[in-house]
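Based on these hints, arrange chain B on the given structure of chain D.
Number of protein chains: 2
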Amino acid sequence: MDIKSLISFIKTQKSFLCVGLDPDINQMPPHLLSSNDPIFEFNKSIIDASKNYSIAYKPNLAFYEKLGPSGLVSLKKTIDYIPKSHFIILDAKRSDVFNSAKMYAESFYNHYGCDAVTLSPYMGKDAIDPFIRKEKWMILLLTTSNPSAGEIQNIKSINDIPIYLEFLKVIKTWGSYENTMFVVGATKLNEMKIIRKEVPSHFFLVPGIGKQGGSLQKVCEFGLNSNCGLIINSSRDIIYASSNKNFVQYVSEKCINIQIEMENILKDNNII
Amino acid sequence: MDIKSLISFIKTQKSFLCVGLDPDINQMPPHLLSSNDPIFEFNKSIIDASKNYSIAYKPNLAFYEKLGPSGLVSLKKTIDYIPKSHFIILDAKRSDVFNSAKMYAESFYNHYGCDAVTLSPYMGKDAIDPFIRKEKWMILLLTTSNPSAGEIQNIKSINDIPIYLEFLKVIKTWGSYENTMFVVGATKLNEMKIIRKEVPSHFFLVPGIGKQGGSLQKVCEFGLNSNCGLIINSSRDIIYASSNKNFVQYVSEKCINIQIEMENILKDNNII
Numbered sequence: 001m002d003i004k005s006l007i008s009f010i011k012t013q014k015s016f017l018c019v020g021l022d023p024d025i026n027q028m029p030p031h032l033l034s035s036n037d038p039i040f041e042f043n044k045s046i047i048d049a050s051k052n053y054s055i056a057y058k059p060n061l062a063f064y065e066k067l068g069p070s071g072l073v074s075l076k077k078t079i080d081y082i083p084k085s086h087f088i089i090l091d092a093k094r095s096d097v098f099n100s101a102k103m104y105a106e107s108f109y110n111h112y113g114c115d116a117v118t119l120s121p122y123m124g125k126d127a128i129d130p131f132i133r134k135e136k137w138m139i140l141l142l143t144t145s146n147p148s149a150g151e152i153q154n155i156k157s158i159n160d161i162p163i164y165l166e167f168l169k170v171i172k173t174w175g176s177y178e179n180t181m182f183v184v185g186a187t188k189l190n191e192m193k194i195i196r197k198e199v200p201s202h203f204f205l206v207p208g209i210g211k212q213g214g215s216l217q218k219v220c221e222f223g224l225n226s227n228c229g230l231i232i233n234s235s236r237d238i239i240y241a242s243s244n245k246n247f248v249q250y251v252s253e254k255c256i257n258i259q260i261e262m263e264n265i266l267k268d269n270n271i272i
Numbered sequence: 273m274d275i276k277s278l279i280s281f282i283k284t285q286k287s288f289l290c291v292g293l294d295p296d297i298n299q300m301p302p303h304l305l306s307s308n309d310p311i312f313e314f315n316k317s318i319i320d321a322s323k324n325y326s327i328a329y330k331p332n333l334a335f336y337e338k339l340g341p342s343g344l345v346s347l348k349k350t351i352d353y354i355p356k357s358h359f360i361i362l363d364a365k366r367s368d369v370f371n372s373a374k375m376y377a378e379s380f381y382n383h384y385g386c387d388a389v390t391l392s393p394y395m396g397k398d399a400i401d402p403f404i405r406k407e408k409w410m411i412l413l414l415t416t417s418n419p420s421a422g423e424i425q426n427i428k429s430i431n432d433i434p435i436y437l438e439f440l441k442v443i444k445t446w447g448s449y450e451n452t453m454f455v456v457g458a459t460k461l462n463e464m465k466i467i468r469k470e471v472p473s474h475f476f477l478v479p480g481i482g483k484q485g486g487s488l489q490k491v492c493e494f495g496l497n498s499n500c501g502l503i504i505n506s507s508r509d510i511i512y513a514s515s516n517k518n519f520v521q522y523v524s525e526k527c528i529n530i531q532i533e534m535e536n537i538l539k540d541n542n543i544i
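Quick note, the sequences are listed as chains D and B, same order.
Take the working numbering: the last position of the first sequence gets the number 272, and nothing is skipped along the way.
Take the working numbering: the last position of the second sequence gets the number 544, and nothing is skipped along the way.
Just chain D, same shape as in the assembly (with noise of 0.2 Å):
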């Protein structure tokens, strides 16, 4: 998906949320654990009471190798059942070397057919190289969200700033705005604000909204550009919004507040 695409998704949906699929056996409604593939049931049933409110989708691999071979069918099916509308985005934070990335890439764009797949940086630009491609796009961790990131994303750097941010000089330039995000959690106001500065076009794919403490009003404060540059995941609090046999309607008008508050935000933007 080519970045107007994107903007124009976004307008017409009225929305710039995304879903995280992290799908756990443990957590979900027990009445899904009899189907053959409770993991594919589970995904389905969200994705159909979420696609009205959402643009986007981000499985999260973690999830789906936990479970072997299997999970990874089971992330395929989720993947090929997502509309052609929205944007998928694989998280997977890889970093390797050039010849075992161009696997990761062949893996990520060719088989599961992923418009974005999140990488760390620290190995240096070859290591993300094979991920550049036509309409696909690399999102790169920057600030996130967990609790212990500052102690080593906010090491200083001789120019006395935080290593995230001379990071960010460098990172910038393996790409543009039309092929590259950034992460940026949401508990981290300070750096999305910083951030926002240094890279005024880039898109920021914004995790740590919900269970880890991120507030939306806030992050559109320091994140929102005039494209709206900003996709915000929700997670847990979403796809566990309840553990009823009618779960859906839960995940439902979780996903219906939430874009409501985000229409709101695109409007009082002159975004929309």
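Treat the hints with caution; some may be incorrect.
[As the list claims (entries may be wrong)] Think about it this way: if two alpha-carbon atoms lie no more than 27 Å apart in a straight line, the pair counts; the simulated DSS-like pairs of lysine-lysine are:
| hint | chain 1 | residue 1 | chain 2 | residue 2 |
| --- | --- | --- | --- | --- |
| 1 | D | 136 | D | 51 |
| 2 | D | 77 | B | 356 |
| 3 | D | 76 | B | 374 |
| 4 | B | 465 | D | 125 |
| 5 | D | 169 | B | 348 |
| 6 | B | 374 | B | 397 |
| 7 | B | 286 | D | 125 |
| 8 | B | 444 | D | 125 |
| 9 | B | 490 | D | 156 |
| 10 | D | 156 | B | 428 |
| 11 | D | 77 | B | 348 |
| 12 | B | 428 | D | 125 |
| 13 | D | 125 | B | 316 |
| 14 | B | 517 | B | 490 |
| 15 | B | 349 | D | 125 |
| 16 | D | 102 | B | 348 |
| 17 | D | 211 | B | 348 |
| 18 | B | 316 | D | 102 |
| 19 | D | 193 | D | 169 |
| 20 | D | 76 | B | 348 |
| 21 | B | 465 | D | 102 |
| 22 | B | 465 | D | 76 |
| 23 | B | 441 | D | 211 |
| 24 | D | 193 | B | 397 |
| 25 | D | 156 | B | 397 |
| 26 | D | 172 | D | 136 |
| 27 | D | 169 | B | 397 |
| 28 | D | 102 | B | 349 |
| 29 | B | 428 | D | 197 |
| 30 | B | 374 | D | 169 |
| 31 | D | 172 | B | 397 |
| 32 | B | 444 | D | 156 |
| 33 | D | 44 | B | 374 |
| 34 | B | 428 | D | 172 |
| 35 | B | 428 | D | 193 |
| 36 | B | 349 | D | 156 |
| 37 | B | 374 | D | 77 |
| 38 | B | 441 | D | 156 |
| 39 | B | 490 | B | 286 |
Please keep in mind that the hints were generated in silico from the structure rather than gathered at the bench.
Using the frame of chain D, we list chain B on its own:
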């Protein structure tokens, strides 16, 4: 495997060679392609040909994930085939928030049964916590052997030292030399010298010998400690030593030559 057993196995084998199991259909001897599971057959031959001269195996997950679910079946069969005496490193270079990292740890330790996992330190300690278990090892990326690693890893910190060294001061506190190793590329000798000074007792996993240009003698000069302290990986140089039907002979010869060189180094340094 605990550190005592590892050191003792190095002394018995008179070797500190790790064989990288990175099977690529396009590079393996053509006569294997007609078998039911060429990936496993290839690995099986490599293991048979190398097990007397090596102490560890390191499958890189990228090469298996590329093949979808069947690749993971081949990986599991491969790991089950490796002799129990040998140290098994899953080269995954993962790093994710606690909840996802837990899934990876369960997959790598419980499902596959490996001894060690390579991890990226960029997300901080909570992202690697699930990998800390009795007799298991985390192997943290520090200086990698790929050409553009330096553009990130050598950025200077406020203390006028490269950032990888600043990271090391933090990440060496996450565990001890009994459950933590560091990836230190063979092509980075200056860095290896500095890192060995900072962590005299830790084992290093050293990629980059052979095709990538690193020298075994030089690496040992800078990286060896009184317990050896080095696991030297070689992948392509060994496993693609020949594409003939009798390729296992070439693989054995390559391994024997490296083992003899290692035995001499261990003797010269009074380790055996």
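Hints, one by one, checked against the model:
With a C-alpha separation of about 21 Å, the suggested pairing of residue 136 of chain D with residue 51 of chain D holds against the 27 Å cut-off. As the CA atoms of residue 77 of chain D and residue 356 of chain B are separated by approximately 36 Å, the hinted pair breaks the 27 Å bound. A threshold of 27 Å between alpha carbons decides the hint, and for residue 76 of chain D with residue 374 of chain B the separation of about 22 Å falls inside it, so the pair holds. Of the supplied pair hints, the one linking residue 465 of chain B and residue 125 of chain D holds, its CA atoms being roughly 25 Å apart against a limit of 27 Å.
Between residue 169 of chain D and residue 348 of chain B the CA atoms are separated by roughly 41 Å; this puts the pair beyond 27 Å, and the hint is violated. As the CA atoms of residue 374 of chain B and residue 397 of chain B are separated by approximately 13 Å, the hinted pair is consistent with the 27 Å bound. Our distance criterion of 27 Å between C-alpha atoms is broken by residue 286 of chain B and residue 125 of chain D, whose separation comes to about 38 Å. Taking the CA atoms of residue 444 of chain B and residue 125 of chain D, the gap is near 26 Å; set against the 27 Å cutoff, the hint holds.
Among the hinted pairs, residue 490 of chain B with residue 156 of chain D is inconsistent with the structure: their alpha-carbon atoms are about 33 Å apart, more than 27 Å. The suggested pairing of residue 156 of chain D with residue 428 of chain B holds, with an alpha-carbon distance near 9 Å, which does not exceed 27 Å. With a CA separation close to 22 Å, the supplied pair residue 77 of chain D and residue 348 of chain B stays within the 27 Å bound. At roughly 18 Å between alpha-carbon atoms, residue 428 of chain B and residue 125 of chain D fall within 27 Å of each other, so this suggested pair holds.
Note on residue 125 of chain D and residue 316 of chain B: the hinted pairing is violated, with a Cα-Cα distance of about 34 Å set against a maximum of 27 Å. Between the alpha carbons of residue 517 of chain B and residue 490 of chain B the distance comes to roughly 34 Å, so the proposed pair goes past 27 Å and is violated. The suggested pairing of residue 349 of chain B with residue 125 of chain D is violated, with an alpha-carbon distance near 34 Å, which exceeds 27 Å. Taking the CA atoms of residue 102 of chain D and residue 348 of chain B, the gap is near 22 Å; set against the 27 Å cutoff, the hint holds.
Proposed proximity of residue 211 of chain D and residue 348 of chain B is contradicted: the alpha carbons are some 35 Å apart, above 27 Å. With a CA separation close to 24 Å, the supplied pair residue 316 of chain B and residue 102 of chain D stays within the 27 Å bound. For the given pair, residue 193 of chain D sits about 15 Å from residue 169 of chain D by alpha-carbon distance, which is consistent with the 27 Å threshold. Distance restraint check for residue 76 of chain D and residue 348 of chain B: the Cα-Cα separation of roughly 20 Å lies within the 27 Å cut-off, and the hinted pair is therefore satisfied.
Annotation: proposed proximity of residue 465 of chain B to residue 102 of chain D is violated, straight-line Cα distance about 31 Å (limit 27 Å). This hinted pair does not check out: residue 465 of chain B and residue 76 of chain D have alpha carbons roughly 46 Å apart, beyond 27 Å. With a CA separation close to 31 Å, the supplied pair residue 441 of chain B and residue 211 of chain D exceeds the 27 Å bound. For the hint pairing residue 193 of chain D with residue 397 of chain B, the CA-to-CA distance comes to about 25 Å; that is within 27 Å, so the pair holds.
Taking the CA atoms of residue 156 of chain D and residue 397 of chain B, the gap is about 18 Å. The hint holds against a cut of 27 Å. With a C-alpha separation of about 16 Å, the suggested pair residue 172 of chain D and residue 136 of chain D falls inside the 27 Å cut-off, and the hint holds. Distance restraint check for residue 169 of chain D and residue 397 of chain B: the Cα-Cα separation of roughly 25 Å lies within the 27 Å cut-off, and the hinted pair is therefore satisfied. As the CA atoms of residue 102 of chain D and residue 349 of chain B are separated by approximately 24 Å, the hinted pair is consistent with the 27 Å bound.
Restraint check for residue 428 of chain B and residue 197 of chain D: the C-alpha separation of about 23 Å stays at or below 27 Å, so the hint holds. For the hint pairing residue 374 of chain B with residue 169 of chain D, the CA-to-CA distance comes to about 32 Å; that exceeds 27 Å, so the pair is violated. Distance restraint check for residue 172 of chain D and residue 397 of chain B: the Cα-Cα separation of roughly 26 Å lies within the 27 Å cut-off, and the hinted pair is therefore satisfied. Between residue 444 of chain B and residue 156 of chain D the alpha-carbon distance is near 18 Å, which keeps this suggested pair within the 27 Å criterion.
This hinted pair checks out: residue 44 of chain D and residue 374 of chain B have alpha carbons roughly 24 Å apart, not beyond 27 Å. Between residue 428 of chain B and residue 172 of chain D the alpha-carbon distance is near 18 Å, which keeps this suggested pair within the 27 Å criterion. Between the alpha carbons of residue 428 of chain B and residue 193 of chain D the distance comes to roughly 24 Å, so the proposed pair stays at or under 27 Å and holds. For the suggested pair residue 349 of chain B and residue 156 of chain D, the alpha carbons sit about 46 Å apart, so the restraint of at most 27 Å is broken.
With a CA separation close to 24 Å, the supplied pair residue 374 of chain B and residue 77 of chain D stays within the 27 Å bound. This hinted pair checks out: residue 441 of chain B and residue 156 of chain D have alpha carbons roughly 13 Å apart, not beyond 27 Å. Between residue 490 of chain B and residue 286 of chain B, the direct Cα distance comes to roughly 19 Å. Compliance with the 27 Å bound is thereby established for this hinted pair.
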